[in-house]
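Chemist: Generate the whole structure from the sequences, applying the supplied hints.
Top to bottom, those sequences are chains A and B.
Take any residue in the first sequence, note its place counting from 1, add 33, and you have its number in my numbering.
Take any residue in the second sequence, note its place counting from 1, add 433, and you have its number in my numbering.
Calculated from the structure, these hints are not laboratory results.
Hints are supplied without guarantee of correctness; some may be wrong.
Derived list of chain B stretches under chain A, where covered just means 3 residues or more per stretch with a C-beta under 8 Å from a C-beta of chain A [as the list claims (entries may be wrong)]: (1) 435–447; (2) 499–508; (3) 642–654.
List of simulated lysine-lysine pairs, DSSO-like, C-alpha gap at most 30 Å [to be verified]: (4) A:LYS101 / B:LYS446; (5) B:LYS651 / A:LYS238; (6) A:LYS155 / A:LYS117; (7) A:LYS157 / B:LYS579; (8) A:LYS41 / A:LYS251; (9) A:LYS101 / B:LYS435; (10) B:LYS579 / A:LYS245.
Built from N, CA and C at the ideal position, the CB exists for glycine as well.
In case you want the letters, here they are:
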Amino acid sequence: MSNAIEIKNLVKNYGDFTLSIDSLEIPCGCIMGLVGSNGAGKSTMIKSILDLITTDSGEITINGLSNKLQASREDVGVVFDEIKFSQVFTASDVRLVLKGAYKNWDDALWSQYIELFRLPLKKKLKDFSRGMKMKLSLAAALAHHPKLLILDEATSGIDPVVRDEILDIFLAFIQDEQHTILASSHIISDIEKAADYVTFINNGKIVFCEEKDVLMEKYRIVKCGNEELDSVNADDIVGKRTNTFGAELLMLSDRVPEGFVSAKAGIEDIMLMIIKNEAARQQ
Amino acid sequence: MKGIITKDLLGMKQVGMTMGLLMLFYLFLGFMNMKDSDGGLSYFSIMALVINVMVPLSCAGYDEQCGWDQFGAALPVSKNKIVACRYIVGLIVMGFTALVVLAANLIFAAFGGTPTGFLGYHIPILLTVFYIAVMTPIIYKFGVQKSRFIIIAVMIVPSMLIAAFGMFAARSGDESSMIDAFDALSAVPVLPAVSVATVIAAVMYILSMLLSMRIYSKKEL
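Modeler: If you want it as structure tokens, here you go:
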């Protein structure tokens, strides 16, 4: 299986923050969810992939081409957290601009998406709702037949109904095994619903990059009282959330002590507990 | 490149209407002072200069406001081409306003008015080239918001220096030095001077574009 994105020895130093990725491969035909807290390095990673920032070192390829090459962006569709066109523009204006920018621009496909999303062509963007703007961004990102779709917090601030509609579009897009999505999001439920792989970034470093189903099986949440807590080997605890009556522990599934009640860990549980554990260790 | 130029031209919709109305107003004023050799269309020509400078500046402002630079750099267009497009749009606007001023002069002359003549619209264009050449790299370096004061200084300082020179001459009672200076200027043969100024402006425009490309290529978006 070929890779849509390959990152090797990437370093971007901002002085007070450093993004450092030794190696990351995103295979073609999958949805990669990128999760992490604010300032963890998700956007810096996306900016590095799109060559929007100058990195200190490292190599990035998109569909086998260096990300420095103009041609590598021909097959990439990008959706940012906000639509990046002037508010006086209409959807028709957006089409005119992008038609002149992409070689593979497809007017018929654009019209299909505009119809599907029920978007007005002559209304100014300033009169669009947030959901409409996001749908327009998505139509703009898809209408040139991209192989890779990069979404930076694209679903944030959108109501669940529109989010669900957008997720359906992603799932339809990914039906073609040459298509790939890299999506960073704070909305973990979206990642849980749609992603095949999950990459978790914390403090500029990748904590894990796993297949979602494997990840969900890998960890368990163990609930125990204070007395039981003392009997658990501290080395087996990946993360901990304590309260007056006891604690919730994040543990590897094969390390859960016998007789303890455990439940499946969600991505949010895994993420939060690892962040807390990391913060506690640093203090 | 076509898409980026289209984006800039479409972005002018907002300021274009206001500027168009202002030009109409100054055209009307010109017709009111039709026989005045010092007035006529000279204000209209100066307005064209203001438009030439304001429109690309406003476009850069709108781009900054909506975060276009980030999106633009993610398109399959090199950063150098994105910068070149801004300069091409500057030339398109200049060409357009020059044609409008020329047409207005022809109509003006047909109705018996005193047209501004070749220099009346060539000098504003040269000044436009100068201002755009100076302003654009500053905007790329610092952004529109931060550049505002520098740009105001670039626009105002030359006229303030002339005014200060005049005031100084008047106060010292030695107005002859200023008159001498203007006499010396008027003694310069017009056509060669304008030709040299045109070449200098063209070189400045190209150098400015190269500098902007250099700044933009290193910019974190």
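Chemist: Taking the hints in turn, state whether each one holds.
Modeler: Here is how each hint holds up against the structure:
1. Counting residues of the segment 435–447 of chain B whose CB lies closer than 8 Å to any CB of chain A gives 10, so the stated coverage by that chain holds, three being the minimum.
2. Proximity of the segment 499–508 of chain B to chain A, defined as three or more residues with a beta carbon under 8 Å from a beta carbon of that chain, is established by the 9 residues found.
3. Residues of the segment 642–654 of chain B lying with their CB closer than 8 Å to a CB of chain A number 3, which satisfies the three-residue condition for coverage.
4. About 33 Å separates the Cα atoms of LYS101 of chain A and LYS446 of chain B, which puts this hinted pair outside 30 Å; it is violated.
5. Pair hint LYS651 of chain B plus LYS238 of chain A holds up; C-alpha atoms about 25 Å apart against a cutoff of 30 Å.
6. With a C-alpha separation of about 18 Å, the suggested pairing of LYS155 of chain A with LYS117 of chain A holds against the 30 Å cut-off.
7. Between LYS157 of chain A and LYS579 of chain B the CA atoms are separated by roughly 28 Å; this keeps the pair inside 30 Å, and the hint holds.
8. At most 30 Å may separate the alpha-carbon atoms for a hinted pair to count; LYS41 of chain A and LYS251 of chain A meet this at roughly 26 Å.
9. Taken as a hint, the LYS101 of chain A and LYS435 of chain B pair is honoured in the structure, with Cα atoms around 21 Å apart against an allowance of 30 Å.
10. Between the alpha carbons of LYS579 of chain B and LYS245 of chain A the distance comes to roughly 45 Å, so the proposed pair goes past 30 Å and is violated.
Hints 4, 10 from the earlier list are contradicted by this structure; the remaining hints agree with it.
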